[in-house]
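Chains as they are written, first to last, in the working numbering: chain A, 818 to 1157; chain B, 541 to 738; chain C, 32 to 71.
FYI, nobody ran anything at the bench for these hints, they're computed from the structure.
One should not assume that every hint holds.
Claimed, not checked - Cross-link-like lysine-lysine pairs, in silico, DSS-like; alpha carbons within 27 Å at most: (1) A:K1028 - A:K1128; (2) B:K624 - A:K972; (3) A:K1021 - A:K930; (4) A:K884 - B:K564.
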Amino acid sequence: MARLLAQARFIIGAFVVALILAVAAPVSAQQPSHVSPNAAAVKEQQLLNALSPGGSVGGRVSIPDQKSGNLIHPAGRDWTRFHEVTLRWIGAISVLGMLIVLVAFYLIRGQVKLESGFSGRRIVRFNAFERFVHWMTATCFIILAISGLNITFGKPLLMPLIGEPAFAGWSQWAKYAHNYLSFPFAIGVVLIFLMWIAGNIPNKVDVEWLKRGGGIVGHDHPPAYRFNGGQKMIYWIVVIGGAAVAISGYLLMFPFYVTGIEGQQLAQVVHGVIGALFVAAMLGHIYIGTIGMEGAFEAMGEGTVDVNWAKEHHALWLEQEMARTGPNESQRQPMATPAE
Amino acid sequence: MARMKFLCDADRCIECNACVTACKNEHEVPWGINRRRVVTINDGKPGERSISMACMHCTDAPCAAVCPVNCFYTTADAVVLHSKDLCIGCGYCFYACPFGAPQYPRVGNFGSRGKMDKCTFCAGGPEADGSHEEFEKYGTNRLAAGKLPLCAEMCSTKSLLAGDGDIIAQIYKERVTKRGYGSGAWGWQTAYRETIAT
Amino acid sequence: MKSFVLACVAAVAIAAVAGVVLNSAQKPADQAFSTTGVRL
Chain A
818 MARLLAQARF IIGAFVVALI LAVAAPVSAQ QPSHVSPNAA AVKEQQLLNA LSPGGSVGGR
878 VSIPDQKSGN LIHPAGRDWT RFHEVTLRWI GAISVLGMLI VLVAFYLIRG QVKLESGFSG
938 RRIVRFNAFE RFVHWMTATC FIILAISGLN ITFGKPLLMP LIGEPAFAGW SQWAKYAHNY
998 LSFPFAIGVV LIFLMWIAGN IPNKVDVEWL KRGGGIVGHD HPPAYRFNGG QKMIYWIVVI
1058 GGAAVAISGY LLMFPFYVTG IEGQQLAQVV HGVIGALFVA AMLGHIYIGT IGMEGAFEAM
1118 GEGTVDVNWA KEHHALWLEQ EMARTGPNES QRQPMATPAE
Chain B
541 MARMKFLCDA DRCIECNACV TACKNEHEVP WGINRRRVVT INDGKPGERS ISMACMHCTD
601 APCAAVCPVN CFYTTADAVV LHSKDLCIGC GYCFYACPFG APQYPRVGNF GSRGKMDKCT
661 FCAGGPEADG SHEEFEKYGT NRLAAGKLPL CAEMCSTKSL LAGDGDIIAQ IYKERVTKRG
721 YGSGAWGWQT AYRETIAT
Chain C
32 MKSFVLACVA AVAIAAVAGV VLNSAQKPAD QAFSTTGVRL
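The shape of chain A in the complex, shown without the other chains (with noise of 0.2 Å):
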């Protein structure tokens, strides 16, 4: 059916490109009419006029890859024009510009400090499972990353320093470290997705937990049940983004499955901005989760997080837990067996 599809397009631009006569008027849309072939010279200018709304002109091949019945695609230098510059400057912006943000914030309002100190009592956070999937999509997070920018900047940025051969042996690398890499991260968002979907709904305590600064912005403790508001925006982002970039990224790496060039073209600039607004998100992420926040790595890190934090942090969460298991112990029912 889209071979159809695709068969009548290349005949009614085919047609448009046959009626071209000595007409002044930009030629507007498909108007299938009889052509003379005797008729004055087809200027070539009324043809790309034709093309301009991002036509094509094709017809018939003989071989049997159908793609190159494609004659002429103008639209492939928009295409080029949007990766050289345009995915550069959104990726720049967005990388540096949270980058910078970041260490403005650090230097003006400093770590979340733990006010009331350490009790030294612990509470189960998050158990080994959410943590292994936790850490398998960060990695391949962290690596997906770096080489997705890699295409988009390693030619300005690196090859410079390193020179074209050593350059290109790496990009080879990287390449199918994306590639293969995108396998157990894709498995990581959909765990991701399923394991904490119920703690992430948005509900009223986020909404005040966000006018009241997310204790980030000023020095209050509005609570929040497991998941803050600004932890389920980061969930969002990552399951849509994650999406995302997942469909995208194997449209891109089975070509011409689905779509035809326009669609490998639109994959490409779907997965090349969100890949640069999902990295600059996480390095927020990563921020809170590490210097941002003192207490907070650990929860991740190994599994538990102090009592007075998660007091401060995550009031709500403490009273569940507290009813749940009873004030003494500090391990989350129906797990009887420590967290590692």
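Using the hints, position chains B and C against chain A.
Positioned in the frame of chain A, the structure of chains B and C alone reads:
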């Protein structure tokens, strides 16, 4: 210095595919790769035209601009060539090319495309002219031997012209003047940013 | 720490399996583009 160009006179092309066969034979092009192809527009209808298309060797080649590892280069004759040693098979040059010139030897699931292959204007590649390595990777280097591309030499109706742009434009202009009409130089303005006024 | 190491190992393992599966399914162009009418 000559500025090499292709021109396919769509009023003369009879879709014989001699150019396609000549190219595949001369360069021992791997199976499945079509450096040159003949596209028939309006097949079976009035105004049917056939055009032979390979690589237009553009002035500001989009393939060269978009390549993440900069494997393309332009020779002094303005022929656009590339290095298969640097190519990582990402496929971007095919997305960028308005004419679909780049080809890849491996397709199917996981289109890890392999090294890109395309029309070289019979000018080989970065290896030494006429060397065995150059032939293995890129095919014959006719330009270094002072000859023109084989597709144009083999064209049965002399519709496909290849060589210095000024001479070709001159030939085409004479034809158009004599005939009283011409279907335009397909792809000329897209590739070379100039027109042939007839 | 253990979950992190396990995560890295799992990522590499899944990637390797994916690579093997996909490379075995790959076709060279002469098979991919052959039809009943054309044997390249």
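We went through each hint and held it up to the structure:
A hinted pair counts as satisfied when its Cα atoms are at most 27 Å apart, and A:K1028 with A:K1128 qualifies at roughly 19 Å. Among the hinted pairs, B:K624 with A:K972 is consistent with the structure: their alpha-carbon atoms are about 17 Å apart, no more than 27 Å. A threshold of 27 Å between alpha carbons decides the hint, and for A:K1021 with A:K930 the separation of about 26 Å falls inside it, so the pair holds. Proximity of A:K884 to B:K564 is assessed by CA-CA distance (about 19 Å); at most 27 Å being required, the pair is judged to hold.
The structure agrees with every numbered hint stated previously.
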